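Asker: These are the residues of each chain, in order.
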Amino acid sequence: MSQYVPHTPAETQAMLAELGLVGIGELFADVPNSVKLTAPVPLPNGLSTLETMQAMEELANQNIRYHLTLRGAGSYDHFIPPLVKQITGKEEFVTAYTPYQAELSQGILQSIFEYQTMICELTGMDVSNAGVYDGATAAAESAVMCRERKRTVTLVSACAHPDTLAVMRTYCYGTGDELRMIPEKDGHTDLAALRAMLGDDVASVYIQQPNFYGILEDVSALFATAKAGGAKCILGANPMTLSVLPSGSEVGADIVCGDVQPFGLPMAFGGPSAGYMAATTAMQRKLPGRIVGQTTDAQGRRAFVLTLQAREQHIRREKASSNICSNQAHCALTASVYATYLGQKGIEAVANSCMAKAHAFAGMLTAIPGITLRHTGEFFHEFVTNLPIAPEKVEAALEAEGILSGLPVDGGMLWCVTEKAGKAQLLGVAELVKEACAK
Amino acid sequence: MSDTVLLSYEKSVQGRGSEIIPALDVPAYHLPEKFVRRAAPALPQLAEIDVDRHYTELAHRAYGVNCGFYPLGSCTMKYNPAVNEAAAALPGFTGAHPLAPTHAVQGCRAVMDELARDLCDIAGMDAFTLQPAAGAHGELMGMLCVKAYHESRGDEKRVKMLVPDSAHGTNPASAAMAGFTVVNVPSRTDGCVDLDALSTLLGDDIAGMMMTNPNTLGLFEKDILKISRMVHASGGLMYYDGANLNAILGVARPGDMGFDVTHLNLHKTFSTPHGGGGPGSGPVGVKALLVPFLPKVASLGQESKLQMKAFNGNFAVMVRALTYLKALGGNNLRSVAEHAVLNANYLMKRLKAVGYTPAKDVPCMHEFVLSLEALKEEYGVSALDIAKSLIDHGMHPPTMYFPMIVHEALMFEPTETETRETLDHAAEVMATLLLEAHQNPEAMHSAPHNAVIGRPDEVKAARNPILRWKPEQ
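Residue numbers (the working numbering), protein chains in the order written: chain E, 730 to 1168; chain L, 312 to 784.
Keep in mind that the hints were calculated from the coordinates and are not lab data. Wrong hints could be hidden among the right ones.
[To be verified] Calculated cross-link-like contacts (lysine-lysine; reagent style DSS-like; alpha-carbon spacing at most 30 Å): (1) L:K781 x E:K1074; (2) L:K616 x E:K1015; (3) E:K879 x L:K468; (4) E:K819 x L:K781; (5) L:K781 x E:K956; (6) E:K1048 x L:K771; (7) L:K687 x L:K660; (8) E:K1015 x L:K781; (9) E:K1122 x E:K1163; (10) L:K345 x E:K956; (11) E:K1015 x L:K471; (12) L:K322 x E:K1074; (13) L:K468 x L:K607; (14) E:K765 x L:K660; (15) E:K1152 x E:K1074; (16) E:K1152 x E:K814; (17) L:K322 x E:K819; (18) E:K1015 x E:K879; (19) E:K1048 x E:K819; (20) L:K471 x L:K537; (21) L:K616 x L:K598; (22) L:K322 x E:K814; (23) E:K1048 x E:K879; (24) L:K345 x E:K1149; (25) E:K914 x L:K345; (26) E:K1074 x E:K1149; (27) L:K781 x L:K771; (28) L:K607 x L:K537; (29) L:K671 x E:K765; (30) L:K322 x L:K781; (31) L:K471 x E:K879; (32) L:K771 x E:K1015; (33) E:K1152 x L:K345; (34) L:K345 x L:K322; (35) L:K607 x E:K1122; (36) E:K1048 x L:K322; (37) L:K607 x E:K1074; (38) L:K660 x L:K533; (39) E:K1048 x E:K956.
Since we're looking at a predicted model, the values are computed, not measured.
Assemble the whole structure, with the sequences as input and the hints as a guide.
Answerer: So, in structure tokens, the structure goes:
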């Protein structure tokens, strides 16, 4: 008997007897014999806790552990303070369900209300939902929010993350709506092309900032053009940049969305994280998913509840704004704990550190003969370089020293530097790259 | 415990904060003005000790499976083993970059391959994608697979999806997001799908049918083979909502019941924690005919038609589920279902003995539904009143007012991880509440009385939404 079923054989028999049954198989009398399994499912036998842990450690050890990661492209290696892990490990946060029962769940509900406040502050928007699956699905759901009867087409920048584009395309396949790509020009979204693409059928324009190549887009100009064409404006933003770069409201966004992974969540092979979505008050009733609101109880005490539920699947069924139930609450909590701990100054310090180190490293790399920046324009903490040799060679040379290089893209490399890299380390990496290129 | 906990924003003191990173060892970089934010975000400024205590206070005002009985029907709130958390926190996993070269993430790939194989064996399917992030997300993926399948055959008139009236709300919502028109299938008085009604709905415009088995009343759909044969004969596909798989783990498999596509909930059947509302994971399994439509693993900007999420899905949740399956083993799978069903029938019998009325007075699977309609009529005490009173007794209420086809419904799912003593205690508490309902019904309308808040004013919350803190409040 596994430790996950606490009944002793005697208890099982006694409970069966109370039901007037003898054998436990009698509980499945309603399952036709024709569909009953006649042999156990062929999984290995259960292991003790010690053996289980050893087996999982063995698997984890099959991964290469790098001591420095210079790869981002949507998943970022930031420092996660011990306090964040300690707080988010509290079992009441880990093992609770969605806070349907407000009286038992004020702690969870308040943490979500604080998360929503954080997202509103970072984005400069009026309202935030409690979170969605990830940044890519947040972008797809944002596009859904903007569709109206005659305006159904979404224009997306070709400079957005390829996975975001793929997920948006998948959601469009479901609803039968059209996604059109705004072409790239020197690592930027082509403004002139956008202007030509706008029309009566365009519902929204999606721009990612910084874009996939790390380049800062002139979002204000792109959105002013989109607005003039009658389209809604969706900004996809890495939250780590938002304390430094103009907020969504400052660039004229109707919706701001993105992924909170940089805020205290490990890369963990890509998940889980949470997607955030913030919008103007005018659009709040179109937001998908959970939203927490403040109210009072009969005694006038402040209380938090899930609210505006008339949008949701358990009430509206097929007419709901989305089918989503979960808000990745624990990931949203983690992001909120991270931001609460670091505070306004701390977040800004991390953002500025990333930016400074990335620029210093770009300087070190471009001092190497044959290495140049691929695009002109400002960047935050990611940038693409051309290389005189195949990027896979650089990747291998760095891996031999325990370093994960930038991501090979179109013969060059997309680098990312975070606050975790020290100057001496970066100089060492540049030296290794130089050696590899000279070979 | 105090009545209210100030928001972190209200505790903020200008100038407080923590230094977690070193001073810059390279020159600062200054962006041109047009790329610089004008108004700084007002994030809290707190001392480290206050951050710690703030969240400790919030945790004390939350209730998880570790706190006590959580018989939330359809949610499978089983114990979340500690070893799962330890495995998911292994640095080899947490530090893996999703776009690292394949040879560098062999451990992650092995976790995913092994879990997918296990799920194929458990569900009787030919292949699984682990990409969907939750049950509803898996439903959408499954619906899109069905759509892509019919399209690939040039069979484009199949635009309708059949959904029983007892289904989870996500079923019709997911079908609608995939572009299907939802057609409701009525239930018979015994709570199962009405086959006569079904046969009149079938035709060449039906893309498929979504079913949960056992259904949301906790009843096994005995006619399942007949139903899948009927749907297949009309050219439709069968979708299995895996929310209730715990009832039949190791006993029967959706793949053997005629289902072509299914999602499973790793956060229900496979013991991964719910986290206060996610992250979960909703892998989708398919029969061979749908394999071409599944997303491929871990290649950026992949060519497959359907991609549900960035990267590889909720990997850390997969690690927990695989850890659970390793500890449990094939030899104990069936015991999970057996004791889940035993506990549910035992609790139902105890509750019936103290005077409650099951919605369907027949043996159940892993969950059952009470109807409190008579209590409401006679004493004015509703399912809501009983649920809220349970909070005063340190128990999480069952699911309320679902399924919609039962009036004054309370849906209990005890799960296999609860002991007989816990079930006996729950039955005693429920007996006390019934007595109270008879003797002092008025008091129950304002329950709970001992929680940190009384019933919140939900109408006010929706009418004048306050969705964030603002300094002037």
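Asker: It remains to establish, for every hint, whether it holds in the given structure.
Answerer: These are the hints, each one checked on the structure:
1. L:K781 x E:K1074: Answer holds: K781 of chain L to K1074 of chain E is near 19 Å, not above 30 Å.
2. L:K616 x E:K1015: Distance of about 27 Å is within 30 Å: holds.
3. E:K879 x L:K468: Given that 30 Å is the threshold and the Cα spacing comes to 24 Å, the pair holds.
4. E:K819 x L:K781: holds (28 Å)
5. L:K781 x E:K956: holds (28 Å)
6. E:K1048 x L:K771: Given pair K1048 of chain E, K771 of chain L holds - Cα atoms ~24 Å apart, limit 30 Å.
7. L:K687 x L:K660: Holds, because 21 Å separates the two Cα atoms, which is no more than 30 Å.
8. E:K1015 x L:K781: holds (22 Å)
9. E:K1122 x E:K1163: holds (12 Å)
10. L:K345 x E:K956: holds (19 Å)
11. E:K1015 x L:K471: holds (25 Å)
12. L:K322 x E:K1074: It holds: about 16 Å lies between the C-alpha atoms, which stays within 30 Å.
13. L:K468 x L:K607: holds (28 Å)
14. E:K765 x L:K660: Holds: K765 of chain E and K660 of chain L sit about 25 Å apart, inside 30 Å.
15. E:K1152 x E:K1074: holds (22 Å)
16. E:K1152 x E:K814: holds (27 Å)
17. L:K322 x E:K819: holds (21 Å)
18. E:K1015 x E:K879: holds (17 Å)
19. E:K1048 x E:K819: violated (37 Å)
20. L:K471 x L:K537: holds (20 Å)
21. L:K616 x L:K598: holds (18 Å)
22. L:K322 x E:K814: Cα-Cα ~22 Å, so holds.
23. E:K1048 x E:K879: Between K1048 of chain E and K879 of chain E the Cα gap is close to 19 Å, so the pair holds against 30 Å.
24. L:K345 x E:K1149: holds (28 Å)
25. E:K914 x L:K345: Answer holds: K914 of chain E to K345 of chain L is near 20 Å, not above 30 Å.
26. E:K1074 x E:K1149: At roughly 18 Å apart (the allowed maximum being 30 Å), K1149 of chain E and K1074 of chain E satisfy the hint.
27. L:K781 x L:K771: holds (18 Å)
28. L:K607 x L:K537: violated (34 Å)
29. L:K671 x E:K765: Roughly 24 Å between the alpha carbons, so the hint for K671 of chain L and K765 of chain E holds.
30. L:K322 x L:K781: Status holds; Cα separation ~13 Å.
31. L:K471 x E:K879: The hint holds at about 24 Å.
32. L:K771 x E:K1015: This hinted pair holds, its Cα atoms lying about 19 Å apart.
33. E:K1152 x L:K345: holds (28 Å)
34. L:K345 x L:K322: violated (33 Å)
35. L:K607 x E:K1122: holds (26 Å)
36. E:K1048 x L:K322: violated (41 Å)
37. L:K607 x E:K1074: Violated, at about 42 Å.
38. L:K660 x L:K533: Distance of about 22 Å is within 30 Å: holds.
39. E:K1048 x E:K956: holds (29 Å)
The structure does not agree with the numbered hints 19, 28, 34, 36, 37 stated previously, though it agrees with the rest.
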